[in-house]
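Visitor: Make a model of the complete structure from these sequences and hints.
Using numbering that gives the first Met the number 0, the letters of the sequence shown correspond one by one to residues 0 to 690.
Check each hint, because a few of them may be wrong.
Okay, derived cross-link-like pairs now, SDA-like style, lysine to any residue, Cα gap no bigger than 20 Å in a straight line [as the list claims (entries may be wrong)]:
1) Lys362 / Asp375
2) Lys362 / Glu633
3) Lys575 / Val615
4) Lys254 / Lys506
5) Lys362 / Trp166
6) Lys40 / Thr59
7) Lys39 / Phe121
8) Lys39 / Ile203
9) Lys341 / Gly167
10) Lys575 / Ser604
11) Lys497 / Ile281
12) Lys419 / His453
13) Lys486 / Leu473
14) Lys243 / Leu305
15) Lys40 / Asp289
16) Lys575 / Thr589
17) Lys506 / Ser662
18) Lys243 / Gly301
19) Lys617 / Leu653
20) Lys613 / Arg563
21) Lys341 / Ile619
22) Lys613 / Gly561
23) Lys575 / Gly605
24) Lys312 / Pro79
25) Lys178 / Trp166
26) Lys562 / Asp621
27) Lys197 / Lys419
28) Lys39 / Asp106
29) Lys506 / Pro460
30) Lys40 / Leu100
31) Lys243 / Ile203
32) Lys617 / Thr593
33) Lys197 / Ile141
34) Lys419 / Val408
35) Lys362 / Met598
36) Lys227 / Ile278
37) Lys227 / Thr168
38) Lys575 / Asp621
39) Lys613 / Glu633
40) Lys362 / Ser395
Because the hints were derived from the structure by calculation, they are not lab data.
Source: prediction; values computed, not measured.
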Amino acid sequence: MSSKYLSLVLIDAVALFGYMFYFFLIGVQIDPWILKRVEKKAFIIGVSTVAAAIVLSITTSFILLSIEINVEPLVSDSLPVVATMSSVLGFPVIAHYLTELRMVNSDFGRMAMSCSLVSNMFGFLIITITSLSSQPSVEKFIILQNITAGIGFTMVIFFGVRPLIIWGTRRNPPGEPLKQGFICLIFIGVLLSGFCSKALGLHIFYGPLIYGLAIPAGPPLGSALMEKLQFIVSWLFMPIYFVKTGLVTDIFSVKLRNYLLLQSVILVACLGKFLGALISSICNQVSLRDAISIGLVANVQGVLELGMFKMMKQNEAIADEAFVVLCINLFIATAIVTPILKSLYDPHKRYAAHKNRNIQHMKVYSELRVLACIHDQENVPATINLLEALHPSNQSRMDIAMLHLIELVGRAHPLLINHKLPMMKHINEASASKRIINAFKVFEQNFRETVAMHPFTAISPYVMMHDEVCNMALERRASLIMIPFHKRFSSSRKTVSKVGIKIMNEKILQTAPCSVAVVVDRSLVNTSRPILDAWSSYRVAVLFLGGPDDREALALGERMAGKRNISLTIVRLLLKQEEGGKIATTDYDTIQKTLDNEMVSEARSGMAGNYRVKYVEKMIRDGTGTAAVMRSMEDEYELIIVGRRHDTQSPLLLGLSDWVEESELGPVGDMFALADSESISTILVVQQHTD
0 MSSKYLSLVL
10 IDAVALFGYM
20 FYFFLIGVQI
30 DPWILKRVEK
40 KAFIIGVSTV
50 AAAIVLSITT
60 SFILLSIEIN
70 VEPLVSDSLP
80 VVATMSSVLG
90 FPVIAHYLTE
100 LRMVNSDFGR
110 MAMSCSLVSN
120 MFGFLIITIT
130 SLSSQPSVEK
140 FIILQNITAG
150 IGFTMVIFFG
160 VRPLIIWGTR
170 RNPPGEPLKQ
180 GFICLIFIGV
190 LLSGFCSKAL
200 GLHIFYGPLI
210 YGLAIPAGPP
220 LGSALMEKLQ
230 FIVSWLFMPI
240 YFVKTGLVTD
250 IFSVKLRNYL
260 LLQSVILVAC
270 LGKFLGALIS
280 SICNQVSLRD
290 AISIGLVANV
300 QGVLELGMFK
310 MMKQNEAIAD
320 EAFVVLCINL
330 FIATAIVTPI
340 LKSLYDPHKR
350 YAAHKNRNIQ
360 HMKVYSELRV
370 LACIHDQENV
380 PATINLLEAL
390 HPSNQSRMDI
400 AMLHLIELVG
410 RAHPLLINHK
420 LPMMKHINEA
430 SASKRIINAF
440 KVFEQNFRET
450 VAMHPFTAIS
460 PYVMMHDEVC
470 NMALERRASL
480 IMIPFHKRFS
490 SSRKTVSKVG
500 IKIMNEKILQ
510 TAPCSVAVVV
520 DRSLVNTSRP
530 ILDAWSSYRV
540 AVLFLGGPDD
550 REALALGERM
560 AGKRNISLTI
570 VRLLLKQEEG
580 GKIATTDYDT
590 IQKTLDNEMV
600 SEARSGMAGN
610 YRVKYVEKMI
620 RDGTGTAAVM
630 RSMEDEYELI
640 IVGRRHDTQS
650 PLLLGLSDWV
660 EESELGPVGD
670 MFALADSESI
680 STILVVQQHT
690 D
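Guide: In structure tokens, the structure reads:
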């Protein structure tokens with residue numbers, strides 16, 4: 000055997016190996032039970048998309064064949080199959096594509112995902128029938144035998160292998176990583192499933208795909224498999240697969256006449272998918288912009304389709320020229336759709352349309368609507384304390400949406416779970432939120448007449464989790480979003496940081512449709528975690544330098560002052576002017592100064608009869624004086640509220656703004672959150688939503 004031939008054999012073996020694991024990962028990421036939660040609207044759109052494309056493209060292919068054109072027999076026989084192949088779409092490809100474009104969490108993204116899932120199942124059935132029926136010299140008995148074998152294989156995997164996998168997963172201690180031996184057995188199962196499917200007369204990808212579907216999506220097993228396989232499959236095996244595919248693809252072998260004929264059928268199929276999705280979406284009350292977007296996404300193709308093309312070529316269902324044209328169209332369609340889709344979709348415009356959703360401009364005694372974000376149980380005590388400090392009462396009730404944020408790992412479909420819906424109570428992902436939800440239910444019961452609690456769980460990638468939060472805030476008409484700081488403090492002065500949460504927080508601060516409060520919980524430094532009601536006097540301070548964010552911080556402090564066991568201290572820092580010196584100011588500075596004075600004056604007059612409220616003014620020359628005041632406050636208060644954004648050119652922050660480590664906190668909040676600080680105060684860093 001020549002070295003050149005041996006190299007091709009090795010490349011082919013590695014490519015096939017990677018291809019099996021790629022389809023296995025596709026199956027792992029898909030939750031098959033999601034079909035139960037597909038809305039009727041998505042089902043209609045999904046079926047209509049594929050049906051319209053198949054009807055139009057196959058009709059076109061037969062019309063072209065009926066015209067007396069000198070076409071090679073292999074090409075003419077390929078036209079109906081090409082029409083069918085171009086009419087279907089793959090859910091994993093759509094899911095990965097929308098994730099890459101960071102659109103998966105939008106309303107359009109969720110609808111597109113559900114529709115593509117239905118289309119995928121419908122199209123997969125058609126592809127399987129087409130593939131089996133197009134094999135040469137195959138009798139109907141053999142076709143029926145292959146279909147029966149596929150169904151039987153699926154039953155064995157789901158009712159025999161899946162229970163064993165679940166049993167093995169449950170034997171693992173909670174919170175502990177899965178044993179390497181168990182993971183290796185799963186990997187061996189991938190190879191065995193591919194071998195079995197091939198032995199049964201099915202395509203080699205069928206076994207790994209079904210086997211992957213049997214793996215429980217998400218943690219602990221699904222996420223562990225994704226963590227171990229994602230990199231090597233995406234960056235080693237699949238590039239080799241693409242190279243191998245490119246080596247056997249000769250674009251110059253396609254004749255112009257055959258190319259135009261095949262491309263005509265493909266274009267009609269693409270048009271059919273677009274029109275099918277567009278018309279059915281509009282008929283189901285989907286907005287025109289989203290309907291167009293769904294129609295465009297339906298024409299995106301990827302590795303799944305490429306594998307289908309190769310399968311059809313190997314089964315001699317399509318000619319070599321048809322395979323080349325299908326591959327060319329795969330790249331062209333995606334290249335055209337992407338820029339158009341990006342121009343149509345801009346979620347930031349939706350968020351920016353709402354003005355003055357903040358605490359300062361709320362009407363007196365109006366309902367306070369808060370979105371409280373939680374990552375894990377450690378965030379719960381500080382968040383509940385803050386919600387209680389906001390003083391829900393009969394005069395000003397609180398509507399709280401609690402959103403438990405879980406990173407999407409090991410599955411393709413993001414989830415938003417409303418725990419008050421009966422249909423959601425048996426979802427596995429909800430179990431991770433059970434203790435958190437119970438804690439908030441206790442809080443709701445303690446304030447039964449004044450608090451309405453709505454628990455949700457969002458499972459999404461960190462890079463797109465801000466869309467989930469902002470959409471929820473928009474739908475719930477929230478005036479305040481509370482998000483935990485990305486660093487966690489311990490009694491040993493060590494910090495644990497999560498980059499994904501930091502990115503999410505920064506994006507929320509950039510795009511939020513209402514005010515945002517970042518919760519820096521330094522009480523974790525202390526071993527005791529007292530609940531607010533246990534305090535005879537809970538000391539709260541507002542550090543006021545000036546500006547919209549500080550005015551929002553003062554508005555929060557003013558609301559908290561109504562609670563009986565809270566004592567509020569307002570510390571206002573003013574610039575000490577030297578004798579004979581003048582401070583240069585702009586018109587904007589003058590306006591802000593006036594607004595600051597009005598806000599402070601109104602707050603003082605409104606709380607004049609409250610003996611638990613104290614107002615202090617401190618004259619400061621520079622940033623050194625500001626830092627000294629901040630350090631003196633650390634051990635005096637349980638909660639310190641500050642604004643996030645300030646004039647960095649202000650003498651009050653001279654020297655402080657140059658050393659900001661955490662942009663999400665601003666110069667003042669950053670200094671309070673320094674890792675070497677011994678303070679156990681909770682810091683609330685506020686950003687006001689303005690026009």
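Visitor: Against which earlier hints does the structure fall short, listed by number upward?
Guide: 1, 2, 4, 5, 6, 8, 9, 10, 11, 13, 21, 23, 26, 27, 30, 34, 36
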